[in-house]
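Engineer: Okay, here's what each chain looks like letter by letter:
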Amino acid sequence: MKVLYFAGLRTRIGRAEEQIELPAEVATVGELMAWMRGRGPGYAAAFAEGALVRAAVDQDYAGPDRALAGAVEVAFFPPVTGGGR
Amino acid sequence: MIRVQREDIDVSAELERLTAGRGDIGGVASFTGLVRGGEDGVRAMTLEHYAGMTERQLAYIVEDARRRWPVIEITIVHRFGRLVPGERIVFVAVAAAHRAEAFAACEFLVDWLKTKAPFWKLEDRPGGSEWVEARVEDDARAGRWERTP
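Keeping their order, the protein sequence lines are chains A and B.
Following our numbering, the numbering of the first sequence begins with 133 at its first residue and continues without gaps.
Following our numbering, the numbering of the second sequence begins with 7 at its first residue and continues without gaps.
This is chain A alone, in the form it adopts within the complex (with noise of 0.2 Å):
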């Protein structure tokens, strides 16, 4: 599966994308979160408990529990901030 960072998660993650192995256990959104954080400090920072980030299963928002069995490609980021102000 794809996944990809963007803007502060990218920063602190130090990658904008990567091909990733779903471990069996993993089944959810928020299992992969909860999965990403100990895969190094990076991961820890962008994935803490309390950060603000927010899912994308094949570029749709997706909450915690949406199933990535089938998904091609999850992002993460924080909230969006476009637009003029």
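It is possible that part of the hints are untrue.
To give a feel for the contact side, a few chain B residues facing chain A, derived at Cβ under 7 Å [said to hold, decoys possible]:
hint, residue
1, TYR56
2, GLY58
3, MET59
4, ARG62
5, TRP75
6, PHE125
7, LYS127
8, VAL138
9, ALA140
Since the hints were made in silico from the structure, they are not lab data.
Don't be surprised by glycine CBs; every beta carbon is placed ideally from N, CA and C.
Knowing the structure of chain A, use the given hints to seat chain B on it.
Structural biologist: Frame of chain A, contents of chain B only:
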């Protein structure tokens, strides 16, 4: 028409394209968002976006606006990349038979794109660059459309 681009937005060309060859449009309401510098010392910003998802989310917002108001045409142009204060960052225009739906749909689109379109601002400040955090007020502005049609 939805477009995400690095180049500046040619507002008059966009308005021209929106209404060209049509006799059923009674009015066009538009919003142009600019990069605001000034008091907080922002010298420039870099807008990052999620290519693909951006266009997809903007298309949903446009569909939603079309369900709510009888609008004729909609244009959204959003820029990405490095921008300095005074530059155009986003342009939204709605053409409709009557002004009321044009104004309402335009405001709805701007409010929603700020909370749904996957863009992030990296501000260039005197002390270094800093990711801008989302504003609660933007969610509140968008949220009021969930109650009033």
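Engineer: Against the structure, test the hints numbered earlier, and report the numbers of the ones violated in rising order.
Structural biologist: Violated: hint 5 alone.
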